[in-house]
Amino acid sequence: MSSSRPIRRSECCWLVLAGVAGLLLATMPSRAETVATRAEDMEFFESKVRPLLLQHCAECHSAAAGEPEGGLSFDSRADFLAAQGVVVAGHPDNSLLVQVVRYDGDLQMPPAGKLSAAAIGTIEEWVRRGLPWPDDGKQATVATFDIAARRAEHWCWHPPQAAMPPAVNQPTWCRSDLDRFVLARLEVADLAPAPEASREVLVRRASEFLTGLPPHPADVARVSADPDPLAYEKYVDQLLASPHYGERFARHWLDVAHFCETRGHEFDYPIPNAWQYRDWVVRAFNADLPYDQFIREQVAGDLLDHPRVTAGGVNESVLGTGFWLLGEEVHSPVDIRQDEADRVDNRIDTFGKAFLGLALGCARCHDHKFDAISDEDYYAIAGMVMSSSYRQVPFETLEHNRGVADRLAEAQATLRRSLLPRLEGLTGISATTEPPNESIFGTIPVAVETVLADYTTDRQPTALICDAAAWGVVATGQPVVRAGAEGAQPSIRVELLGHASSAAAWAQSQSSTEREAGALGKVDRAGRVLRTPKHRITQGVLWHRIRGHLQIAAIVDGHVMFAGPLYGPHVTTVDTKGEWKWIRQDLRRDIKDWDTGHVVHVEYAAVEGEASVAEVVEALEQPVRTDSAWPVRMNDALVAVDWTTGEAAELLAVAARHAADVDTIMADAKLVSATAPALLDGNGIDQFVLLKGSAARPGEVSPRRFLEAIDGPDQPSWPRHSSGRKELADRVLDPANPLASRVIVNRIWHHLFGRGIVPTTDNFGKLGEAAADPQAQALLDSLAVRFIAEGWSIKRLVREIVTSSTWRMSSSPTAAAMRQDPLNLLMHHYPLRRLEGEAVRDKILAVSGRLDRTLGGASIEVFLNDFHEGRGRPNPGPLDGGGRRSLYTKIRRNFLPSFLLAFDMPTPFQAMGRRTITNVPAQALTLMNDPFVIEQALLWAKQTLAEPSLSPEQRIDQMYRAAFARPPATAEHSAAVEFLAEQTALHGGDFTADPRHEAAWADLAHALINTKEFIFVP
Amino acid sequence: MITRRLHHCRRYRPRPLSRRDLLRQLSCGFGGVAAAALLHRDAVCAASAGVLPALHHPAKATSVIFLYMDGGVSQVDSFDPKPRLEQDAGKDPKGLFKVDATQFNNVGSLLPSPWKFQRYGQSGIPVSDLFPHIGSVVDELAIIRSMTSEFPEHTNANYFLHTGSGLQGRPSMGAWTTYGLGSENDDLPGYMVINGGLIPPGGLDNFTNGFLPATYQGSIVKPNAIGLANVQRKEKSAPHQLAKLDLARRLDRGFTERLATAGSTPDALESAIANQELAYRMQTEVPTLLDIADETTVTKRAYGLESDYQPMQIFGTECLLARRMVERGVRFVELTCPKVGGDRWDQHGNLKAGHENNARAVDQPIAALIRDLRDRGLLESTLVVWSGEFGRTPFAQGKDGRDHNPQGFSLWMAGGGVQGGVIVGATDDYGYRVVEKKFMIHDLHATMLHLLGLDHERITYRFSGRDMRLTDVHGHVIRDVLA
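Protein chains in written order, with the working numbering: chain A, 1 to 1018; chain B, 1019 to 1501.
Just so you know, these hints were derived from the structure itself, not from any lab.
Beta carbons are placed, not taken as given, at the ideal position from N, Cα and C, and that holds for glycine.
Accuracy of the hints is not assured; some may be wrong.
Claimed, not checked - With a straight-line cut-off of 25 angstroms between C-alpha atoms, the simulated SDA-like cross-links for lysine to any residue are:
(1) B/Lys1116 x A/Gln539
(2) B/Lys1455 x A/Gly113
(3) A/Lys522 x A/Glu486
(4) B/Lys1252 x A/Leu901
(5) B/Lys1254 x A/Gln539
(6) B/Lys1116 x A/Tyr103
(7) A/Lys522 x A/Val541
(8) B/Lys1252 x A/Ala999
(9) B/Lys1116 x A/Asp595
(10) A/Lys795 x A/Ala231
(11) B/Lys1357 x A/Gln539
Unchecked claim - Partial selection, computed: residues in chain B whose CB lies under 10 angstroms from chain A:
(12) Lys1240
(13) Asn1248
(14) Ala1266
(15) Leu1269
(16) Gly1272
(17) Pro1284
(18) Ala1286
(19) Thr1302
(20) Thr1306
(21) Asp1485
Produce the entire structure from the sequences given, and follow the hints as far as they go.
The structure is reproduced here in structure tokens:
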């Protein structure tokens, strides 16, 4: 079910010019046809054109140049014609070739300098004559891109098969099937597995790699002495139940999601409340959220039919979508469309690596060079990303307030049902028999306009999209009670115009956490936002028909980081003083190329009081509307009514009861909530294939769908009313996708062994590194198949691995094994592993007694030293990070924590499932001289000395057990005592008289932190 | 004194013979070595190792000093005189040529340069009165007047200039260079950034190792006594610190013995121990490097250290330190500008005062650096590059400023392998857009690597599913500047 097709010209930069949108494309022939064959034309080509091409173009555009640049080759007629979109025979002005040699657009050829006017004239003439070029009979040498062939030839696209565990000679060594796969390979190589490590070592290993913290000395002692053969297994269960397990594995996942709390770029603005996503990940691992749900909530947690809602009413699922919002955001990007393309690219790249182990980003500029991924695949997913927008979601109150909003809508409907017929009776004006098109404003013809949203019930109302629950639809003729002037009776009127409405109380919605930076943040928006669908518009002037006090934000090409010189007009605040008004918003100041189309949606947030939006239209002139006349007439009639007696008084009483009901309902609304970055879904937008990844060069539309290599070329069309992310999650998790389970199983293996079965954890494609041999592949596949069958449980998988005999091997290989397999590909021993920066730092805090084990919450501001400079520098946080685990240090893109950076913490820009592990002097300098380390060493000494009655030997013993999970050997004991004596003397004391000299003990603590055993785990 | 030649023999190690040697020498070079990815996990990384066992072609330069003119110097006010601006002064540029979008979009009228140009040296190359000292060494410079960038705003343009990509997080050119070549000095980082006070927009990520191993990240030093983060021991005396490290070493012995196989210590441990020793030495080496007490008064004066203008003292110290680093074999040195009170070279307004203050800080020190390198025989092996992230518009922003201009600007190169006294390329009559020999940042990078003996298409690192390059899929060596 895959297609094969010749390489398309969309793989080069030539297809469409800057500024020429898809429209023109449709009229262009897909291939240039040469029509001229006359002899004088051929002579013209040979004498004038070919020399030009040879002299100025062939250096790059020839197979002789290696790969012809942009896939365009002038080597032969066939090669040249294989390129699509380069020329339109007979039409120089419509031909890209002519435009680039004229230096008309941003693509200018030849790059070394403009051709002479005469030469350009020759090219124009050649195109005008229909591209004469003698046919030498050669075939085009351009390669073909064949998804089916690529899919067939690479392992990662083939479904994993559960293999029978191989037979082994030493079955007693094997605790599980996993061990059989490992042992069988060793036996074939005639190697023995390393002996099992001691319980002490295993306890340390398990604790450091499952929780990122050293084991408690009491646990080491207890488990080591426990006669129960399952004592270690029980300890593993204890670790898996510890909340620190979730913290450890969350940090692994955050590398993949490139978790970050600021937007980088020049001023490093915050991503408000990004830590909520981090805590969501921690909770997910601790709760052993099935991995399929873990994916589903990150891809589409806002769209689930049954989101996870806690007992306290908190919507957990929506927080997962913070995954998409951890990228760089530029303020005032000059090329707003390219900026979106870059932002979207980062999201697609992260999505592909995280869940599929595929470098989808490679298909941004052209079909993937090696993998079965086309640029259409890439842009199909880009459409889904672009269809979604950013919001701060009030996730604590979201579900509850939806209930409130439903009740409010019901009350409104009830009022309308009970009141409107009686108002008709009272006034003699019918809401149903009035001719609908009778105008009260005249009948001027309508200008050229695009309706972005229309919430009037008289026409086709637009579906409501809002960030929480504040907005509902009010129909034309909805009765409304009007308070009377002082002393006067209240009265009833009907709404003139159907609209989206946010009741006054909702405008008091508040975020209890961080607010948006920049212009948007001037209003506490979360919980108040109405968002229109997205449209591709071409004029750049919006008209908003609104009533009330609102912030209006025109979101163009997904740009939300409003700060700095550009795009100020996109965010504005308007108060219409209770009247319906058309508000004009001109977006042309900073965007000049509206004619080429920009994707726009509008977000309205109530500033105060009731807010209403009837419609929003793109038009150069104020739109003209023919609204229903009957509400006006009815209101005119209602003015004359005496509301104090009879039927009118009764109606007023009904209305008053309704008002009281509304007050009761709204009193139940929860207006204060923590907020978090999350996606907000809208209508589906299909994106163009961008040639060479450039937003200035849109090609054909690539409708939203999943990867062709997995789902085939003929996929049902995706929903228009939504982004399609929900369907995307379904497709990722479908049994037809061989990647989701394999990728995560391999990641877990990688984290537990320091190296994946597929070492390139984020790239299962051809440029990744495959499993070492078929047995290793079979092991991965078997684990992956069972992982699904057993409910996608990561804890279960972790437990299986760490209780295996394979994991329990010691770190001391035999000489024979090292000779034969020095890289340990066959896994004949457990590798000696250096702790990650976070674990090193956390361990220092743990041994010093400073560690604050509080789980979750807002991040601790990063500590900055004098070398940490730049724009957007925050007030530095405490040196010890408040004693919290490194996970909770604020990750500011432009001010990353230097301690962690020295130990290879990845910079949070791209998915990084496999950290580099370097060994550099900066690490030694950090442990030797960083003030944090010095401070903690002193704390460790103080804690060690706190108990007055212990002997120095006992104290040393305590320190060893805390740092290394073992008692010191005799020689180590005496070395430490000797050292203490010398250091006490150095500090002017006498160890015999003063065995508790703090500075000397701090020296010992500092020395222990600088041993290799502190940061290397056997 | 340490001279260049002493280092020469250490520069390129023989091909590794054993796995241990391989690990020690090529440990960070996963990208270029066939077995590389296999080594990934248990890799160790000596500070001085580069990835390449041999150069792609003979090198002209062995070190780079990058003089980063943060904010964007105006080309029409420095190295690209445009008399036409006098003629058309005050005219609306939109009536004369197509004006591209800028970040501020406040397009004023054509603004002639407030500075006169003089011809200097044998080459007679014109240089404006902003840079009389640089003018005096103009015969050493190859001035490229046809450089372009892709970004009209600072942060993207800074990333682009430094990493070949406008996006944040890619490895800097200094990281790429040390990745390929390693360092010539085992006791100092191979890539050092001297922070004169201004960190360019985009922050320290301009100097990042990105996806390359951490070994190659720029070490930020300040032109003062402390210099580098954590390089100063906190103990009162060296013996005090040494006692701790000796104990750690002693205790390490037991650990390594337990894990040794047939008497052989795991590579990672051995390398970590070696790095601790190196770190210890760096505590002495870096302060010695930064201590300019042994420089003569004449030298200090030449660099502007006795100036009463403090920014010149700062930048003079930076230039002097750059020379000292190059002498010691540091591979790639970048200098950032000092604060001059107003803005960096980013004169959206008040062009005259702003450019003058910035020029005054750097002009004399840069000329002194070129001369000093030349006099010591170091210029021929040191590539000096002077550039901003883009140029400035020939028309005013507002009344007396200039906006960003990536469509055409000037930079210059000097020293190792560069032909002096030449001008390459041209902008149009107004100095706005390149009309002859259009080059882009990738071409600059390709040329720098070329002079260092590297083929920019062959120095790669596999990441993100492909073989990444400093020049992405672009770049041509600018042959016109080669000697």
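Please write out, lowest number first, the hints stated earlier that are contradicted by the structure.
Per hint list: 3, 5, 11, 19, 20 violated.
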